[in-house]
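J.: Chain residues, written in single-letter form:
4 protein chains.
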Amino acid sequence: MFIRFVTTGGTIDKIYFDEMSQFEVGESQVKHILTEGLVNFDYDIVSMFQKDSLELTDKDRQELKEFIAGDDAERYVISHGTDTMVETADVLTSIPGKTIVLTGALSPARFKTSDAVFNVGMAVAAVQTLGRGVYLAMNGRVFEAGKVRKNRDKNCFETVATDRN
Amino acid sequence: MFIRFVTTGGTIDKIYFDEMSQFEVGESQVKHILTEGLVNFDYDIVSMFQKDSLELTDKDRQELKEFIAGDDAERYVISHGTDTMVETADVLTSIPGKTIVLTGALSPARFKTSDAVFNVGMAVAAVQTLGRGVYLAMNGRVFEAGKVRKNRDKNCFETVATDRN
Amino acid sequence: MFIRFVTTGGTIDKIYFDEMSQFEVGESQVKHILTEGLVNFDYDIVSMFQKDSLELTDKDRQELKEFIAGDDAERYVISHGTDTMVETADVLTSIPGKTIVLTGALSPARFKTSDAVFNVGMAVAAVQTLGRGVYLAMNGRVFEAGKVRKNRDKNCFETVATDRN
Amino acid sequence: MFIRFVTTGGTIDKIYFDEMSQFEVGESQVKHILTEGLVNFDYDIVSMFQKDSLELTDKDRQELKEFIAGDDAERYVISHGTDTMVETADVLTSIPGKTIVLTGALSPARFKTSDAVFNVGMAVAAVQTLGRGVYLAMNGRVFEAGKVRKNRDKNCFETVATDRN
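These protein sequence lines map, in sequence, to chains A, B, C and D. Residues in the first sequence are numbered consecutively from 1, following my numbering. Residues in the second sequence are numbered consecutively from 1, following my numbering. Residues in the third sequence are numbered consecutively from 1, following my numbering. Residues in the fourth sequence are numbered consecutively from 1, following my numbering.
Hints were generated in silico from the structure; no laboratory data involved. It is possible that some hints are incorrect.
One copy or two, either will do: identical chains are not told apart, so a pair holds if it fits within one copy or between any two.
As the list claims (entries may be wrong) - Lysine to any residue pairs mimicking SDA-like chemistry, simulated, CA-CA at most 25 Å apart:
no., residue 1, residue 2
1, LYS150, LEU38
2, LYS51, ARG61
3, LYS51, GLY97
4, LYS147, SER47
5, LYS112, ASP60
6, LYS150, ASP71
7, LYS51, LYS112
8, LYS51, PHE41
9, LYS154, PHE49
10, LYS150, TYR43
11, LYS154, LEU130
12, LYS65, ASN40
13, LYS112, ALA69
14, LYS59, LYS112
15, LYS147, LEU106
16, LYS147, PHE2
17, LYS31, ASN151
18, LYS112, LYS147
19, LYS147, ASN40
20, LYS147, LEU38
21, LYS112, ALA145
22, LYS51, ASP90
23, LYS112, ALA73
24, LYS112, THR129
25, LYS154, VAL46
With these hints in hand, go ahead and build the complete structure from the sequences.
T.: Below, the structure written as structure tokens:
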């Protein structure tokens, strides 16, 4: 089994710079998380963007989509900011023949307490057990793209009731 | 979605007692891990054993099997010591109509660096994406019961080549 | 031995709020650090400010000084932002008859990797081994007030060469 | 300022080996702790023993004493198991002209929650603020050798009342 990880930034990779008293996206924590998870499969990590997901543009999403569509792997885990993870998932759904799972974190992986490791663990399991399609792994749930939203008030992801009409 | 967690002990829950300069199985870390994972689904946790898995007996395995077979949930995540996780999985395969994922850790969840959180994340994703059956989530892989062994020399789980015919 | 801890905010207590993608001063981590340090002495914690130290005003410093001068304890550990820790120390030097140690952290205590615990440990030792006066405990050093500055380029505290006369 | 660290083993450096389901003394965590503490002074680390302190012999203590007595540094921090830290401190008190602080931990530094970092922070402060002599830094207290014991029931260090005769 081979998994290609694509990092795009987001809270999961945020780091604190004292000089600016501000959090910015730092180097990806995915490699570190996989090492801690003692994973025993082939993978590589492609660093694509280092952005807060609110700053990701339509052009960025298009670039990500074209990269994956033209790439030779079958399974992708994408680390992504939570604010527009749903939007990026929607863009990727037109890619055929691949299993793609987006994940991220509501607090930085560099924190003592963070959902980052749990979420990447979920994504790794989901990308190898699910069929073709695009999914989100957050808050202990695996969601299908198009059926999920971020509830900003509750700061968590939830299923969107699908309309039947 | 509802998941019932059953804890049986193992390295994942080990704690160090200074007086004896020895590690013993402590209170389960599963609740703590789920809280850190910010999970947003219904669950409960049943504490069944607090044993090193080398000390689990056939009778213990039978008791676990009968509990799950007679219980009303559909999805189970079982935390378990790694040394006999494969054996327990084999015993559970005769239970029909349920999705059961065993997981654990090669180093204690109370350690700064541990595979525990990653593994429970994997198990939670696997138990909701897979159909009926018994599985192991370890070392970044989801294995089917009956097709996996612990390689004690490498201290990791690996696929067993299926029979010679 | 009794130590009174006074918290004033700073990086040590910073927390990340996703909604604003920004770090703000959260609840003090001092209590948590002392618990982890298994300390066995009498103490209490007074929460005075929750500010980035760049936002502390002359009036704030005066208030802190008057609180300590009029208070009945002999030993004080003050958690403080690093940017103006030196200035606050200078203001406190006119208080007679007390041992006061300021400390803080260059990265938040809530981070997996932080100097916060080490620094509070240093401050607790320094406040019980030193005589009357005002001190800073940072970067593995105990400095006397008036003989220390923050080197912002190197992001660390260092001794100031004393005057030529 | 120069500090020489001498590591002798103990709980602070313990690590868990799954194969034996047992804790053993691993590589010293002192270097890692000093890095996390962002210390800015000159030091080196001498690894002398890797033993549970119950296994340290009179000969070991003599060897440690001779090493320090014949060595050129002025300040020493010794990491040590807690069970016989007091005994080793007693042996070292006959060394003249040096400041020596023993410290260790009641739970391993590799644990998520441990007193190790706090204690090393204390020792580093104590060794630079105290005059010649031998001290223990544990449980938030700096004790003088000869006036401290480990209370095994409470699992903490405490002052011994000195006899007047």
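J.: Next step is simple, just say for each hint if it's right about the structure.
T.: Each hint tested on the structure:
1. LYS150 / LEU38: between (30 Å within a copy, 14 Å between copies)
2. LYS51 / ARG61: Only inside one copy: LYS51 and ARG61 sit 12 Å apart there, 38 Å across copies, limit 25 Å.
3. LYS51 / GLY97: Answer is neither: 28 Å inside a copy and 44 Å across each miss the 25 Å cutoff.
4. LYS147 / SER47: neither (27 Å within a copy, 34 Å between copies)
5. LYS112 / ASP60: neither (31 Å within a copy, 31 Å between copies)
6. LYS150 / ASP71: Close neither inside one copy (29 Å) nor across copies (34 Å); limit 25 Å.
7. LYS51 / LYS112: both (22 Å within a copy, 22 Å between copies)
8. LYS51 / PHE41: Classified as neither; 28 Å inside a copy, 30 Å across copies.
9. LYS154 / PHE49: neither (27 Å within a copy, 28 Å between copies)
10. LYS150 / TYR43: Between. Shortest inter-copy distance 21 Å satisfies the 25 Å Cα cut-off; intra-copy 29 Å does not.
11. LYS154 / LEU130: neither (28 Å within a copy, 28 Å between copies)
12. LYS65 / ASN40: For LYS65 and ASN40, the Cα distance exceeds 25 Å both inside one copy (28 Å) and across copies (29 Å).
13. LYS112 / ALA69: Neither: 36 Å inside a copy, 37 Å across copies.
14. LYS59 / LYS112: neither (34 Å within a copy, 35 Å between copies)
15. LYS147 / LEU106: This pair counts as within: shortest intra-copy Cα distance 20 Å, inter-copy 36 Å.
16. LYS147 / PHE2: Between copies only: 19 Å across, 27 Å inside.
17. LYS31 / ASN151: Answer is between; shortest inter-copy Cα gap is 24 Å, intra-copy 29 Å.
18. LYS112 / LYS147: Result: close neither inside a copy nor across copies, 31 Å intra and 34 Å inter.
19. LYS147 / ASN40: between (32 Å within a copy, 16 Å between copies)
20. LYS147 / LEU38: between (32 Å within a copy, 20 Å between copies)
21. LYS112 / ALA145: Intra 30 Å, inter 32 Å, cutoff 25 Å: neither.
22. LYS51 / ASP90: within (19 Å within a copy, 41 Å between copies)
23. LYS112 / ALA73: Intra 33 Å, inter 33 Å, cutoff 25 Å: neither.
24. LYS112 / THR129: Neither way: LYS112 and THR129 sit 29 Å apart in one copy and 29 Å across, limit 25 Å.
25. LYS154 / VAL46: neither (32 Å within a copy, 28 Å between copies)
Checked against the numbered hints given earlier, this structure breaks hints 3, 4, 5, 6, 8, 9, 11, 12, 13, 14, 18, 21, 23, 24, 25; the rest are met.
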